[in-house]
Amino acid sequence: MEQENILTALRTAFPEAVLDASVPPTDPAVVIRPGDLAAVMAFLKAEPRGYAMLLDLTCVDWPDRPDRFEMVYHVFSPASYKRLRVKAALPADGPAIASLTPLWKNADWLEREVFDMFGVRFEGHPNLCRLFMYDGFEGHPLRKDYPLRKRQPRIPMRSTP
Amino acid sequence: MTLALVFLVFGALGVVLLSMNALLGPKRTNPTKEKPFECGSPPLQDGINPFPIKFYLVALLFLLFDVEVAFFFPWALVFKSMKGTALPILAAYLAVLAAGFAYAWKKGAFSWD
Amino acid sequence: MTTRLQAQARPDSLLLNMGPSHPAMHGTIRIMLELDGERILNSEVEVGYLHRGFEKTCEHRTWFNLLIYTDRLNYVSPLINNVGYVMAVEKLLGLEVPERAQWIRVLMSELSRVSDHLTCLAAMAMECGAFTAFLYKMKAREFLWDVIEQTTGARMTTSYIRIGGVRADLHADYEAAVRKGVDETRKVLKDVRGLLDKNKIFLNRTRDIAVMTPENAISYGWTGPCLRSTGIAYDVRKAQPYLTYDRLNFEVPVGERGDNFDRYMVRMKEMEQSLRIIEQTLPALQASAPTVEAGGLEPAEAIRASRTRRPESRVRLSPNLEGSEKAVYPGIMAADKRSVPPPKEDAYTTIEGLIGHFKHFMKGHGLRPPKGEVYFAVEGGNGELGYYLVSDGSDRPYRLHLRGPCFHIVAALEELIRGRYVADVIPTFGSMNMIGGELDR
Amino acid sequence: MPGNFLSTRFDAMLAWGRKFSLFHYPFVTACCGMEYMSAACAHFDIDRFGAGWTRFSPRQSDLLLVVGTIAQKLAPVLKTVYDQMTEPKWVIAFGACTVSGGIYDNYAVVQGIDRIIPVDIYIPGCPPRPEMVLDGLLKLQEKIKTQGQVWRWNKKTS
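Chains as they are written, first to last, in this note's numbering: chain A, 53 to 213; chain B, 75 to 187; chain C, 11 to 451; chain D, 219 to 376.
One or more of the hints may lead you astray.
[As the list claims (entries may be wrong)] Estimated spans, in silico, between C-beta atoms of each pair:
(1) D:H261 to A:M209: 55 to 63 Å
(2) B:A86 to D:S239: 33 to 41 Å
(3) A:L200 to B:N104: 29 to 37 Å
(4) D:S239 to A:G188: 56 to 64 Å
(5) A:Y198 to C:D193: 48 to 56 Å
(6) A:D145 to D:K361: 53 to 61 Å
(7) D:D263 to B:W186: 40 to 48 Å
(8) B:A150 to D:H261: 43 to 51 Å
[Unchecked claim] Distance condition first, Cα-Cα at most 35 Å in a straight line; then the derived DSBU-like pairs of lysine-lysine:
(9) C:K381 to C:K354
(10) A:K134 to A:K202
(11) A:K202 to D:K363
(12) B:K128 to C:K336
(13) A:K97 to C:K210
(14) C:K101 to C:K208
(15) C:K336 to A:K157
(16) D:K237 to D:K357
(17) D:K363 to B:K107
(18) C:K336 to C:K101
(19) A:K157 to C:K149
(20) B:K180 to C:K248
(21) C:K248 to A:K97
(22) C:K101 to A:K97
(23) A:K202 to B:K128
(24) C:K149 to A:K196
(25) B:K109 to D:K357
(26) A:K134 to C:K381
(27) B:K109 to A:K202
(28) C:K210 to A:K139
(29) D:K307 to B:K109
(30) A:K202 to C:K369
(31) C:K347 to C:K101
(32) C:K248 to C:K208
(33) A:K196 to C:K101
(34) D:K297 to C:K197
Note that these hints are calculated values from the structure, not bench results.
Here the structure is a predicted model, which means the values were calculated and not measured.
We put the beta carbon where it would ideally sit given N, CA and C, even for glycine.
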């Protein structure tokens, strides 16, 4: 089937990088070592594979796992309408991974959003600062340990009459 | 007599309308109100730097040619009774200004960037 | 605090805020411009002014309750967000939706898509000065919203598409309302086409301004009408057909130069295609219409009758349950008991229905999809609207991430307006159809 | 001067003038903006009550129509625009998010704009129907009529 050979191609190209792969019926996904992210992504973007578009980039926080932050990338090939999910797990303290801004331009804002929401650092990012939250905001809201209603007002709030 | 009346009435009306706001409006100010309005966000620089000369040039040229057009109106009122000499007079007047216009155009005053 | 722009700005250039509270910035984006006269040397786009913590809030709501948050994402085409979320959950559950519910979903999505494009182009035209086009399009949108309101009960925040199907069947004379809406929209499209397509001012403001090359669009992750305006015909309804889109024939309009005018033209043509789709769904809905016999027992009679024996004929409960009676239920809701609440008549008159109802809605019980993760994308108003759900088997999503199409489109704004005039920012930003809810989530 | 026959007649005239010519500044952010468009446009026309003229500068408007969710990041912007408005000024909170934070009770949203600025009329609804918006406008006009007007020599403030 079409999906398998992209996974096998990845396994042959990066034997030690690919840790796990899931085949349909679930969505095709690959778990890789964080260190090889830039190489794998460049490999996927190159022509025969043709995953030319970085659809989405996000992070999932698993506090009880040793590797707490799981980066989730979705790449898409407009030629053959195929999607692939690439996952990489990052340790709890000082999560950092290579930035994909050299490969794709929308990685700039996507990575700034994940830095803002989870605190994952991206090496090589031109302007890594908060995207959504304001400057006086401490903490990373989408982490599981950040309480839902912990508000940090930007200007003093009036007590309602 | 009616001309003086007209000037009096409309002058008074203008003064009253203009001054009513200043006289009646409540004068309450606060520090933020003094600052320029920049869509609600803090201004990025205080005070305006001198802006490029192009704007001044365009303003001057506009003034010049606008006054030229202003002289058409009295001409338009009387050109019927001028019996044939209207057009040459206008042409002479226009020629002088067209020369100025061509000079400005050649010197590149109108090219923007 | 000095922003990046202030740090890099040349001392003699003018720094100006095109701030959040600006009529053309839809209230939620701040562009800091470094100007030399009217020409933009550099700019920095600041977003997040409508960040409402959608993803964090959804982690604290059950699968069923967070449907209301999905309406407020792309609030110009709310039904498409509903369809996207609900189909992602159904893919997680492996649920089959009946035929008629799929047709109703297609009809509602296309109505929502047309009202999305109408609002976007209305705002773009008005910001370029064409206020008449704005009024015409708002008038057309009212007719479409009438249809949506009669069916779903709300004009905009509908929460009408439920996990497993739709909340209620179409109202009795929906076909007349739909035809009237389609005709009005066609008339308005013809008028606006006459107003804007060859309008010298509109052309000068939009033709060959903010041109986007196909490669650059792919690199920015553009999808939807903006990507199609650069020439790439990628439409999720054609690429991965979902619902019954494979049985509908419609074209995917494509632009040539990828400038503002092409983004405008692609949306105009796309509206005509959506109207064609709406007309194709009507016979299919007509064919699968359930035969509901009128009348039925009043609740009081049913209770009196039930003392002796179970009432055979239908119990007419209350007007606001119109459309979700038991007789029409098989057509609009999936049959799977675990993930779909029972029809209200069962819930009120039989014990199994009552248990099923409470099993579905009580705290701690609710819908429990299997552990796993799924990514499902639908063709939203602005492009590929993708939901990435991670479920850990509990009744709340462990992680819900939305791939907002206009997040990627607006990311290219800085590059598109560099070197242009301040006046070009307005049509460029208008043609991107930035929606705060979808951008900042 | 305040409180006698002349100033109350003057008050009434001033109130009549002000309530039928409200220039509003639409501080639009989120979904309620769509309903504001419907309310302002031809179908449910807000202009029938004299409030149709949208002014996008706080200097020229006397009604601040806050429409849609106000995030914490936007709070100082709203406070700045309110402060920069010229007296007399009124505020309408349009939609549940401006009234009480609505369905977004979390770290990112201001729980009601009356924590930032004083509000005159609250319009509930998520989004409120255009008819509710017009009703809110009529209530504001009623309030303007009954409250004492603010003007230079009138020491009694509203």
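Tested hints:
1. Checked against the hint of 55 to 63 Å, the C-beta distance between D:H261 and A:M209 comes to roughly 37 Å, which is inconsistent with it.
2. Hint check: B:A86 to D:S239, Cβ distance near 23 Å, so the stated range 33 to 41 Å is violated.
3. About 35 Å separates the C-beta atoms of A:L200 and B:N104, a value consistent with the hinted range of 29 to 37 Å.
4. Against the hinted window of 56 to 64 Å, the Cβ-Cβ separation of D:S239 and A:G188 comes to about 40 Å, which falls outside the hint.
5. For the pair A:Y198 and C:D193, the beta carbons lie near 52 Å from each other, so the given range of 48 to 56 Å is met.
6. Range check, A:D145 to D:K361: about 57 Å between beta-carbon atoms, so the 53 to 61 Å window is met.
7. Judged by the Cβ atoms, the range 40 to 48 Å given for D:D263 and B:W186 holds: they are separated by roughly 41 Å.
8. In this structure the hint that B:A150 and D:H261 lie 43 to 51 Å apart at CB holds, the actual value being about 46 Å.
9. The hinted pair formed by C:K381 and C:K354 meets the criterion: a straight-line CA distance of about 30 Å does not exceed 35 Å.
10. Taking the CA atoms of A:K134 and A:K202, the gap is about 40 Å. The hint is violated against a cut of 35 Å.
11. At roughly 42 Å between alpha-carbon atoms, A:K202 and D:K363 are farther apart than 35 Å, so this suggested pair is violated.
12. For the given pair, B:K128 sits about 75 Å from C:K336 by alpha-carbon distance, which is inconsistent with the 35 Å threshold.
13. A C-alpha spacing of about 42 Å is found between A:K97 and C:K210, which places the hinted pair above 35 Å, so the restraint is violated.
14. Pair hint C:K101 plus C:K208 does not hold up; C-alpha atoms about 46 Å apart against a cutoff of 35 Å.
15. A C-alpha spacing of about 52 Å is found between C:K336 and A:K157, which places the hinted pair above 35 Å, so the restraint is violated.
16. For the proposed pair D:K237 and D:K357, the alpha carbon gap of about 11 Å is at most 35 Å, so the pair holds.
17. With a CA separation close to 27 Å, the supplied pair D:K363 and B:K107 stays within the 35 Å bound.
18. In summary, the hint linking C:K336 to C:K101 is supported, as the alpha carbons are separated by about 25 Å, within the 35 Å threshold.
19. A distance of roughly 39 Å separates the Cα atoms of A:K157 and C:K149; the hinted pair therefore is violated under the 35 Å criterion.
20. This hinted pair does not check out: B:K180 and C:K248 have alpha carbons roughly 56 Å apart, beyond 35 Å.
21. As the CA atoms of C:K248 and A:K97 are separated by approximately 23 Å, the hinted pair is consistent with the 35 Å bound.
22. Between the alpha carbons of C:K101 and A:K97 the distance comes to roughly 28 Å, so the proposed pair stays at or under 35 Å and holds.
23. A hinted pair counts as satisfied when its Cα atoms are at most 35 Å apart, and A:K202 with B:K128 does not qualify at roughly 53 Å.
24. In summary, the hint linking C:K149 to A:K196 is not supported, as the alpha carbons are separated by about 46 Å, beyond the 35 Å threshold.
25. With a C-alpha separation of about 33 Å, the suggested pair B:K109 and D:K357 falls inside the 35 Å cut-off, and the hint holds.
26. The suggested pairing of A:K134 with C:K381 holds, with an alpha-carbon distance near 24 Å, which does not exceed 35 Å.
27. Proximity of B:K109 to A:K202 is assessed by CA-CA distance (about 33 Å); at most 35 Å being required, the pair is judged to hold.
28. At roughly 51 Å between alpha-carbon atoms, C:K210 and A:K139 are farther apart than 35 Å, so this suggested pair is violated.
29. For the proposed pair D:K307 and B:K109, the alpha carbon gap of about 18 Å is at most 35 Å, so the pair holds.
30. Taking the CA atoms of A:K202 and C:K369, the gap is near 32 Å; set against the 35 Å cutoff, the hint holds.
31. For the given pair, C:K347 sits about 16 Å from C:K101 by alpha-carbon distance, which is consistent with the 35 Å threshold.
32. In summary, the hint linking C:K248 to C:K208 is supported, as the alpha carbons are separated by about 31 Å, within the 35 Å threshold.
33. Of the pairs offered as hints, the one joining A:K196 and C:K101 holds, with about 26 Å between alpha carbons and a cut-off of 35 Å not exceeded.
34. Proposed proximity of D:K297 and C:K197 is contradicted: the alpha carbons are some 43 Å apart, above 35 Å.
Comparing the model with each numbered hint stated earlier shows that hints 1, 2, 4, 10, 11, 12, 13, 14, 15, 19, 20, 23, 24, 28 and 34 do not hold.
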